[in-house]
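Could you put together the complete structure from these sequences and hints?
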Amino acid sequence: MENLNLILPEIFISIAIMLFLIIGVFKKKSSSLIYNLTTISLVILLAFVYNLNSISEISLFNESYKIDNLSNFMKIIMIASGIFVMLTSSKYLQISKINKIEYPVLVLCAILGMMVMISSNDLIVFYMGLELQSLALYVLASFNRDNLLSTESGLKYFILSALSSGLLLYGCSLVYGFAETTNFNEILINSNKTEYGLTFGIVFILVGLAFKISAVPFHMWAPDVYQGSPTSVTIFFAILPKIAALTVFIRFLYVPFANMSDQWQMIIIFLSIASMIFGAVAAIGQTNLKRLVAYSSIGHMGYALAGLSVGTNAGIQSSITYMTIYLVMNLAFFSCLFMLRRNEIYYEKIEDLSGLSKNHPILAFSLLVILFSLAGIPPLAGFFAKFYIFMAVVEQSMYFLAVIGLLSTVVAAFYYLRIIKIIYFDPEKEMYEKNHHIGLKLTLILSTIFIIGYFIYPSGLTEIISKINII
Amino acid sequence: MNFPILSSLILLPTIGALFIFFVRSSSEKYQASKYLSLFISIANFILSIYLWYIFDKNSVEFQFVENREWLLGFVDYKVGIDGISILFIILTTFITPICIISVNATIKKRLKDFLIAILLMETFMIGVFCSLDLIVFYLFFEAGLIPMFLIIGIWGGERRVYSAFKFFLYTLLGSVLMLIAIISIYWITGTTDVEKLYEIGIDSNYQNLLWLAFFSSFAVKTPMWPVHTWLPDAHVEAPTAGSVLLAAILLKMAGYGFIRFSLGLFPLASDYFVPLIYFLSLVAIIYTSLVALMQEDMKKLIAYSSVAHMGFVTLGIFTMTQQGIEGSIFQMISHGLVSAALFLCVGVVYERHHTRIINKYGGLVQIMPKYAIVFMVFTLGAIGLPGTSGFVGEFLILMGTFKKSFLVATIASLGVILGAAYMLWLYKRIIFGEIINNEIKSMIDLKKFEILILFSLVIPIIFFGFYPEPLINSIEVSVGNLLDIYNTNIQTNLAYKN
Numbered sequence: 003m004e005n006l007n008l009i010l011p012e013i014f015i016s017i018a019i020m021l022f023l024i025i026g027v028f029k030k031k032s033s034s035l036i037y038n039l040t041t042i043s044l045v046i047l048l049a050f051v052y053n054l055n056s057i058s059e060i061s062l063f064n065e066s067y068k069i070d071n072l073s074n075f076m077k078i079i080m081i082a083s084g085i086f087v088m089l090t091s092s093k094y095l096q097i098s099k100i101n102k103i104e105y106p107v108l109v110l111c112a113i114l115g116m117m118v119m120i121s122s123n124d125l126i127v128f129y130m131g132l133e134l135q136s137l138a139l140y141v142l143a144s145f146n147r148d149n150l151l152s153t154e155s156g157l158k159y160f161i162l163s164a165l166s167s168g169l170l171l172y173g174c175s176l177v178y179g180f181a182e183t184t185n186f187n188e189i190l191i192n193s194n195k196t197e198y199g200l201t202f203g204i205v206f207i208l209v210g211l212a213f214k215i216s217a218v219p220f221h222m223w224a225p226d227v228y229q230g231s232p233t234s235v236t237i238f239f240a241i242l243p244k245i246a247a248l249t250v251f252i253r254f255l256y257v258p259f260a261n262m263s264d265q266w267q268m269i270i271i272f273l274s275i276a277s278m279i280f281g282a283v284a285a286i287g288q289t290n291l292k293r294l295v296a297y298s299s300i301g302h303m304g305y306a307l308a309g310l311s312v313g314t315n316a317g318i319q320s321s322i323t324y325m326t327i328y329l330v331m332n333l334a335f336f337s338c339l340f341m342l343r344r345n346e347i348y349y350e351k352i353e354d355l356s357g358l359s360k361n362h363p364i365l366a367f368s369l370l371v372i373l374f375s376l377a378g379i380p381p382l383a384g385f386f387a388k389f390y391i392f393m394a395v396v397e398q399s400m401y402f403l404a405v406i407g408l409l410s411t412v413v414a415a416f417y418y419l420r421i422i423k424i425i426y427f428d429p430e431k432e433m434y435e436k437n438h439h440i441g442l443k444l445t446l447i448l449s450t451i452f453i454i455g456y457f458i459y460p461s462g463l464t465e466i467i468s469k470i471n472i473i
Numbered sequence: 017m018n019f020p021i022l023s024s025l026i027l028l029p030t031i032g033a034l035f036i037f038f039v040r041s042s043s044e045k046y047q048a049s050k051y052l053s054l055f056i057s058i059a060n061f062i063l064s065i066y067l068w069y070i071f072d073k074n075s076v077e078f079q080f081v082e083n084r085e086w087l088l089g090f091v092d093y094k095v096g097i098d099g100i101s102i103l104f105i106i107l108t109t110f111i112t113p114i115c116i117i118s119v120n121a122t123i124k125k126r127l128k129d130f131l132i133a134i135l136l137m138e139t140f141m142i143g144v145f146c147s148l149d150l151i152v153f154y155l156f157f158e159a160g161l162i163p164m165f166l167i168i169g170i171w172g173g174e175r176r177v178y179s180a181f182k183f184f185l186y187t188l189l190g191s192v193l194m195l196i197a198i199i200s201i202y203w204i205t206g207t208t209d210v211e212k213l214y215e216i217g218i219d220s221n222y223q224n225l226l227w228l229a230f231f232s233s234f235a236v237k238t239p240m241w242p243v244h245t246w247l248p249d250a251h252v253e254a255p256t257a258g259s260v261l262l263a264a265i266l267l268k269m270a271g272y273g274f275i276r277f278s279l280g281l282f283p284l285a286s287d288y289f290v291p292l293i294y295f296l297s298l299v300a301i302i303y304t305s306l307v308a309l310m311q312e313d314m315k316k317l318i319a320y321s322s323v324a325h326m327g328f329v330t331l332g333i334f335t336m337t338q339q340g341i342e343g344s345i346f347q348m349i350s351h352g353l354v355s356a357a358l359f360l361c362v363g364v365v366y367e368r369h370h371t372r373i374i375n376k377y378g379g380l381v382q383i384m385p386k387y388a389i390v391f392m393v394f395t396l397g398a399i400g401l402p403g404t405s406g407f408v409g410e411f412l413i414l415m416g417t418f419k420k421s422f423l424v425a426t427i428a429s430l431g432v433i434l435g436a437a438y439m440l441w442l443y444k445r446i447i448f449g450e451i452i453n454n455e456i457k458s459m460i461d462l463k464k465f466e467i468l469i470l471f472s473l474v475i476p477i478i479f480f481g482f483y484p485e486p487l488i489n490s491i492e493v494s495v496g497n498l499l500d501i502y503n504t505n506i507q508t509n510l511a512y513k514n
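Residue numbers (the working numbering), protein chains in the order written: chain Y, 3 to 473; chain U, 17 to 514.
Read the hints as simulated data drawn from the structure, not as lab findings. Computed from a predicted model, the values in this text were never measured in an experiment.
Using 35 Å as the maximum straight-line C-alpha spacing, the simulated DSBU-like pairs for lysine-lysine come out as follows:
(1) U:Lys128 x Y:Lys423
(2) Y:Lys423 x U:Lys125
(3) Y:Lys351 x U:Lys124
(4) U:Lys50 x Y:Lys443
Shown next as structure tokens:
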């Protein structure tokens with residue numbers, strides 16, 4: 003009998019999901035109650051996961067489920083950002099009239115799926131988590147069902163995601179066929195470099211995963227889905243699934259396929275370079291902020307992949323650091339988006355930011371900090387994120403990747419500067435509303451302080467992440 | 017542990033900026049934030065003068081070194097100064113209060129934000145001159161882009177957006193290559209500590225590439241021909257205080273970088289690339305002087321003259337002679353004072369007449385005699401007339417250059433003549449001649465605060481022109497030490513080749 007204490011978080015969240023559904027069915031008008039309960043249960047979940055922090059590595063259920071430093075850290079940052087996402091978006095849901103009971107329950111389902119993904123050590127467990135996550139996300143994307151764009155984005159996401167899941171599944175079956183097992187550790191032992199079938203399997207799996215983190219050339223869905231979904235779902239999309247998918251990326255590359263790095267390294271480098279360049283160039287012409295974030299997140303995933311392509315622990319750690327700082331920046335950015343509200347309407351065009359600095363100096367200042375940080379200008383946190391990546395990349399003498407990456411930061415700086423220009427240099431427009439939900443304010447203040455203050459004590463995060471040694 | 021005087025020098029303006037940020041913004045309180053920032057910057061100036069006083073001029077070591085663990089396992093926060101950096105620090109702390117006083121007339125909107133930007137800028141500039149670690153240096157070097165971008169973009173002229181973007185992207189593009197080089201240095205040598213790097217040196221195989229990467233950043237910032245085009249745009253659009261900061265200090269970061277890093281870390285590559293630098297410097301001196309002659313906008317003219325003067329600086333640095341390098345440092349300090357003064361002078365008439373086009377002026381000597389006098393001093397300082405600080409720098413540079421190459425020195429000397437031509441012609445057109453329209457008649461002469469800031473610049477320009485000793489004394493040992501490192505490196509390499 004396995005020690006069920008170790009999967010207490012997963013059990014807890016499953017029970018919570020069922021309980022909330024029951025409450026929702028039997029109690030009328032319980033949506034905000036369930037929303038709040040969900041937030042609270044996420045906090046409890048965080049405590050449960052944090053409790054497992056002392057476990058450095060343990061495998062459960064015939065080694066198909068793994069709890070180690072990587073999974074613990076990723077779960078913690080994922081759940082923590084989940085809490086902040088819930089805090090920021092409560093008011094938005096009310097105003098957009100999509101505060102149904104299903105919303106928080108679906109969020110919990112997605113989080114459960116991601117937790118399974120993060121801990122999975124087996125192809126089947128991994129696929130189960132992935133699908134649980136994806137199905138919840140399809141519904142969430144089209145949650146604002148009276149809105150044409152939202153339903154379109156949900157459908158688009160569903161079709162493309164189903165396609166990529168198909169590819170992924172095909173890849174899994176190939177790997178299973180040639181390695182004769184679904185367990186990651188055993189695949190590592192059984193993998194035979196000369197077997198082309200296995201290589202094909204890897205390629206298909208990587209394609210499926212690249213789709214999930216929207217790396218070029220599998221990024222087509224991202225801009226439409228980001229724009230069409232309700233903003234509260236977009237912020238979710240921009241952060242949580244990326245964390246989970248990146249963890250799975252790390253696991254796949256460095257556990258079952260660790261021996262075949264010469265096969266996958268070129269693919270990852272290509273994905274990384276293409277994403278960095280495309281993300282930087284394509285964002286220039288955007289007028290919608292959510293669409294712009296989609297392109298910028300494509301670029302950012304390129305940097306995270308650059309860290310993965312290196313093939314060292316330092317590279318993986320730099321990737322995780324990047325992801326952590328990226329999620330804080332995104333939280334902050336979306337909090338600002340939630341604040342652009344006037345007469346019950348949310349504004350999301352770039353020109354709506356025009357002259358923001360005049361009427362809302364503090365919001366404008368936060369945006370300034372966030373955007374410079376996203377552009378990677380020191381001394382803000384975004385610079386350090388990139389710095390660690392390039393540190394790892396140059397260590398392995400991959401100068402080509404480093405130069406391309408840094409040059410695309412210059413291109414990317416242009417579109418971030420363009421937003422800053424609109425905020426600071428352009429004439430002002432009407433005021434936005436100034437009273438915001440306390441959770442939203444808190445999120446923005448905390449994340450902005452993190453971004454500005456990161457340089458004072460950068461070792462804190464590094465120390466935690468340096469415990470994650472996969473290789 | 018001693019009192020961390022350098023860190024407090026760096027942090028004091030930021031603390032001031034924080035205070036101003038939290039002062040509630042109503043129109044009367046602007047006065048409060050202005051006095052606060054003035055007080056902070058003057059306190060910083062006094063602190064830096066005290067630092068100069070207790071600084072040991074005869075020691076080759078870096079002094080007041082602070083070392084703290086920072087980026088785990090990679091980089092320590094390390095600051096310290098030698099005779100070269102101390103001068104630039106004092107220049108920074110001296111120019112900042114002048115900028116703050118000058119906003120009286122020029123900044124009409126959002127004064128509070130402007131003061132915050134200037135104070136942050138001061139932090140970053142002092143940080144650049146103090147840092148003894150490449151990463152820390154890069155951090156300060158790049159961070160300065162943010163406030164400067166905002167200064168040009170928010171308070172600038174008509175084409176401010178274009179200029180601000182051009183400034184930002186040009187500089188960023190140059191700098192990212194330097195970042196790669198810094199990271200590579202870390203992996204080649206295992207450290208980014210400048211002191212240690214001076215000791216162990218960098219493998220000669222890598223030096224050329226690394227030198228080029230650093231060069232790409234410094235050349236943009238200096239600016240050297242042909243990547244100088246951002247400078248005239250930035251200067252023309254920036255508000256007076258912004259132009260002053262840009263010309264007086266930002267450009268000097270690159271010159272300082274050339275001395276401290278290019279020369280100190282890559283002696284062999286520096287030696288190898290001397291012809292390139294000579295060529296680019298000469299083009300800068302002659303070509304931009306000619307361009308300056310033809311300018312119709314006063315600020316543009318001074319901006320091009322800055323490029324020419326910085327051409328002298330780079331020329332002097334890469335002569336690798338005691339005189340050349342000392343001259344370059346002297347020229348940078350002097351140009352910092354003179355160009356700041358010239359931009360302030362342009363600001364004075366612009367504020368009254370609202371144009372910078374030279375043709376719209378004439379005969380100012382009859383209306384504004386005091387202005388004519390101070391402007392004369394600065395013009396002569398820019399030309400490098402004996403008795404002004406400009407002369408000492410140019411003279412030393414040319415002396416150093418003559419030692420190395422007669423031809424280069426001759427061509428560079430021609431630049432001095434061109435410099436005299438465009439500056440005197442500018443002076444003649446603005447100050448002398450007929451009063452061309454009635455609007456000029458209504459212009460008033462210098463106000464009290466303008467006299468204060470302009471005279472505080474006149475004094476050092478003339479003082480150091482007659483008595484350059486204090487500056488030369490302070491840099492002599494450090495420059496000598498730098499050259500010793502350089503020469504030993506060259507000789508060991510020669511011996512190795514033979």
